[in-house]
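Colleague: All chains, please: the whole structure from these sequences, using the hints.
Protein chains in written order, with our numbering: chain A, 1 to 752; chain B, 753 to 955; chain C, 956 to 1259.
These are computed hints drawn from the structure, not numbers from a lab. Predicted model only: the values in this text are computed from it and were never measured. Glycine included, C-beta positions come from ideal geometry on N, C-alpha and C. Some hints here could point you the wrong way.
These stretches of chain C come out as covered by chain B in the derived footprint (C-beta under 8 Å, 3 or more residues) [what the hints assert, rightly or not]:
{"no.": "1", "region": "979 to 986"}
{"no.": "2", "region": "1002 to 1009"}
{"no.": "3", "region": "1072 to 1080"}
{"no.": "4", "region": "1187 to 1196"}
FRET-style restraints, in silico, Cβ to Cβ [what the hints assert, rightly or not]:
{"no.": "5", "chain 1": "C", "residue 1": "Ile1177", "chain 2": "A", "residue 2": "Asp429", "range": "57 to 65 Å"}
{"no.": "6", "chain 1": "A", "residue 1": "Thr142", "chain 2": "C", "residue 2": "Val996", "range": "56 to 64 Å"}
{"no.": "7", "chain 1": "B", "residue 1": "Lys923", "chain 2": "A", "residue 2": "Ala416", "range": "35 to 43 Å"}
{"no.": "8", "chain 1": "C", "residue 1": "Leu1099", "chain 2": "A", "residue 2": "Pro617", "range": "52 to 60 Å"}
{"no.": "9", "chain 1": "A", "residue 1": "Thr637", "chain 2": "C", "residue 2": "Phe1086", "range": "41 to 49 Å"}
{"no.": "10", "chain 1": "C", "residue 1": "Arg1055", "chain 2": "B", "residue 2": "Asp826", "range": "38 to 46 Å"}
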Amino acid sequence: MANTWGYGAMTNHFGDLLGYSKAIFMIGANSAVANPIGFKHMLQAKDRNNAKLIVIDPVYTKSAAKADHYLRIRTGTDVAFIYGLLHLIFKNGWEDESFIENRVYGIEDVKKEAKKWTPEKTADVTGIPADQIIQIAKLMATTKPATVVWALGITQHSTGTSNTRILPILQLVLGNMGKKGGGCNIIRGHDNVQGSTDMCCLADSLPGYYGLGEKSWQYFAKGWGVDYKWLQDRFYAPKWMNAKGFSLAKWWQGVLQEEKTYSSSPIRALWVQGTGISSMAMTSKVQEALNKLDLLVIAEPFVNEAAVMTNKTDGVYILPVATQFENEGVVVATNRTAQWRDRVVAPLYESKTDDEVMFEFAKRFGFYEEYTKAMKMDVVDGSLEVVKKEYFFADDAMNEIARIVKTIGLGGWTAARLREHQANWHLFDPLTLKGRGKVKGQYYGLPWPSWDTKHPGSPILYNVDEKVNEGGMGFRNRFGLEHKGHDLLASDAVTIKGSKIKGGYPEITAGNIEKVLGITLNEEEKSKIGANWKVDFSGIIQEKCREAGVAPYGNAKARTIVWTFPDEVPIHREPIHSPRQDLVRMHPTYEDQTNNFRVDVKFKSEQNAQDWSKDFPTMLVTKRVVNLSGAGMLERTSKYLSHITPDMFANIHPDLAADHDIRDGDDMWLHAPQGTKIKVKAIYSPSVTPDRIALPYNFAGMMQGVDLSANYPEGTKPYTIGESSNTITNYGFDIITQIPEFNAGLCRVEKA
Amino acid sequence: MSENARLKFYCDDDRCIECHACDVGCAEAHELPAGISRRKVITMNEGIIGLEYSLSIACMHCTDAPCEQVCPTDCFYIREDGIVLHDKDKCIGCAYCLYACPFGAPQFPRDGAFAIKGVMDKCTMCAGGPEETNSHEEREKYGQNRISEGKVPICAAVCSTNALLVGDAQKISEVYRSRVLSRGHNHQASASPSGWNSAYGNK
Amino acid sequence: MKTKQILLILFTLSTFAFGANANSAIFGKDLLTNILGYDQVESLHLGYLFTLLQSTYFKPLFLGVLLGVPAVFFIHYMIIGPMIFSHDRKKIYVFSVFNRVIHSIAGVAFILLIPTGLVIMFGSTFGGGEFVRICKEIHAISTLLFIVSIVPMFFMWLRWMIPTSDDIKWMMILGGYLNKRKDPIPAGKFNAGQKMWYWIATLGGLVMILTGVAMYFQDFKIGILLENGISQIDFLRGSAIVHNILGMAVLALFLTHVYMSVFAIKGAIHSIVTGYKEEEEVEILHSTFYKELQEKGLIKEDKK
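Modeller: Here's what the structure looks like:
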């Protein structure tokens, strides 16, 4: 999504959906189960505004049960489906022509692709009846504003990146972007996932989505008050500083070295903090890798089942870390807002907070001073200086983030402002997020971008009808000024309210600021100003932009063409393991990939290795259950939550079960193309059709039929254990992000 | 709340998504043994397109409570605000209240040898029992007493989608009625589940 | 370490012992179907029926039986008085050791079951709580004694308990208890009154056992009932209704039997202790039986 218009986060928010959306298009998401409170907003929208809820899902989920329209789609065919809609939209002239003309680049290529996707062809590929496709296209075209909601059902595919581009394209075509009740509302799941995304705990960027280039590192060196060379020397060799690391999906290859890796060395030690790696794909490979490590450290409040999967008897350490209730600081919600959280109780027993763990180890590893220096710094007269002797966590950490992260406009996220919001929850309106009284003019949680400490936050992204200083903006100028002779800036008709500049403008740099804003800088300003708006510690660029009512990141067109990607416009590609060999020939997957996140990834060679659908005829869908989250290590230690799903299971249609002589409640084996298998309980359900099964991914503690109970440290075994679905989710990774293809794959059912 | 208020539950089956917040919340708040769910969530027509719906059920605190009518030891008492409670010390675990209840609210934890039925346990609308309010005994036997603190019963308080309503019967009717009117129907599949008349009379 | 494991296992196992899981016949997946069924036209409406009967009728009716039957017999005793038979003639051996042992076990069982059953019934009078709970458990445990005695009793006396034409005649004269004369009464080894009590005690007793056990164990599945559309809860409601109504009959006939054997016929109780009946008693009260014995030449000289 970021590649379409600049930022890859939820563009509107739940209150907005409730207040204004007339149609909610939910695809690849199951909010009733994954975000019940969020789903409440959708139900309220249905009740109050007669909003139509459309749910597109391979399984008839709890969300689908509340839908006005339910469309059963074949996994991995989302791009085809959206093209089916676009085909009809263009054919009937339902697109928002002026919006496209002024704010979108590349629509012709999309139109060309959409032309192929007639309702009949779309129905053949997706499994959704043609008349339903026509009905939904008309509904979306004529119901404004409409919002699109999605989650991991869209991203967890080998074509995840295409999926997350085609949906913004749909909204651009319908003219639903930057409007109340519209937008692309990608729902983040776990509490503070958005925060960890913003801090980029990923292998391919620095915090705040800064890249790994030299300029970024120098900026951070400056912001952290450390020597750039010292940072560089932390790496084995300078080139590794700018190279992506291993991904969470395939780190194990770095240990096992069964295929070629592109790294300075194999991985010998693993430190896991705050994630359940048993909820990652290829669990059997993860297990092998864990066994081969020299050192495994797990820092968690509960026993992370990674510790249980491994048969290592030495070199495995579990550090007890505090829970959210024992911590203080900021969490970021799915709608880009920050909320300050108080500590309820001091860390119990021997557990320590995450920060304490990290600082203690930093001391022992010898970089504590460098690690904590920035928390004692501030900008004084446009330059960075150390201003205090002791830091105060978490306020100083938050202020450090606000000072450094400019890309997503966290400049307004000072601890003082966020604490004030927390103290005055009651003064904010739930539908619009607007504050009153002493917080008048601010939006709750200062949804980013909040460019500076005067900025109220931006609840709805890309809304040109609001002043920049009150939360408005156009699309980001992130992809250059022109492409193939086409101007990438917004047209003259797109003037942001209150802006000094008419029409589109580029992102502000030291080089173009005078020209673009029509101002002159004095000598002092010229000496202090940063190279561009992202790296300007002096604050001068933001100051001048504020005066001009201009968004520092520019006002450009959204693009449907991503010229750096294998597919310039999204196209449909069958999942790696597809039940339709005929479609595999017509819509094959990508060529095999060399060196992404330090590993090679198979695409075509895996898809064509054999006709998988012969031996593995049943489609595999993984799903959420409401009482378990992530790897389930927390919830399965609660007796009440475990009671709701006491066994690992798979939902199977009675007809499919009958074919294999499996009764309701019997055990069955599920075999995967890569040779692994799991034993789960069969639960009859008509929510799946006989060509697919659905299973939750939140269990661990059993591996391919082997009970790992003995591995749990005494007294820590959860109430329920079971197979991890990821032991059989198929080999497949997204071409750009390397996220595993959890949500499309094949398996074979067998009576146990 | 007016002096004439009668407290009731109502679960809006167009909102209930079987998230189990109510039954888990109740079990946690009152520290119930696993398996005794004072409140249960049931889904009908699961997986059948257009017909699936879910409901949260517990004691309905009926005005003419049949449980109270049949108890051989007269251990029930109905408060002025309509909450139906019972005295576990008097209860002999004979299960007549279960036979009389249209909603299956009374339950009997099996404790002791030979799976002997223990005394009856049921939803108290978070109003405790005959022991002294907020005393240790009351909490041990009946769970929290939130009503005495002016708090909403925990199940309705944690309901994710405001499906479960609790409060003065008049007010609940108003809320539900306004939802039904704006939706244009009161239940996806058919008219309100029968048996509800027993609990709610002709409101 | 071992104790912890054991405790863990026990705990996990005990979770299965508790009710209200998905496998429960009452509280499981069928809960809502049963609730919906409560009010439907086609349902048995046992819930309504049970509530009505238990709240309004059972207690007064039981009280009526408990007080009325002895009252009637008291009046009978005052007006008509007991029957007295000579003890000087022969003694006839009518009850074997086996008969007597079984009968005494049954007697003990009844003496436990009936008062405790009444205590449960009138629980509020006894203040509920621990005392009544203990009575309930005694009531349940005595069932074992009851089963052990009633089943042999059924078979050991079955031959003589089949209804005959004598029984109709007996009924018409009310067993001859309405006057003081000693006319021969038409009856076999057992008269119609005894037969009524026998059938209520054995077959009725069996029904009491089944319904009582159903109520005791409460949560179990009976396939054949479910297939015929009777839910577990309706089965329990039906059991409660039957148990109570039949209980009234058991109580009434038990009281009658006690009156007859202890008060109405002087010395009758000795026959179930020693096994011997007075010859005159048999000659008068079981005249048909006496004639049979005479024909077979079984009237022996007394053994004393």
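Colleague: If a hint holds in the structure, say so; if it does not, say that too.
Modeller: We went through each hint and held it up to the structure:
1. 979 to 986: Coverage by chain B holds here, the residue count being 4 at a Cβ distance below 8 Å.
2. 1002 to 1009: With 4 residues in contact (Cβ-Cβ under 8 Å with chain B), the coverage given for the region 1002 to 1009 of chain C holds.
3. 1072 to 1080: Coverage by chain B holds here, the residue count being 5 at a Cβ distance below 8 Å.
4. 1187 to 1196: n = 4 at 8 Å, threshold three: holds.
5. C/Ile1177 <-> A/Asp429: 57 to 65 Å: holds, 58 Å
6. A/Thr142 <-> C/Val996: 56 to 64 Å: violated, 45 Å
7. B/Lys923 <-> A/Ala416: 35 to 43 Å: holds, 41 Å
8. C/Leu1099 <-> A/Pro617: 52 to 60 Å: holds, 57 Å
9. A/Thr637 <-> C/Phe1086: 41 to 49 Å: holds, 42 Å
10. C/Arg1055 <-> B/Asp826: 38 to 46 Å: holds, 42 Å
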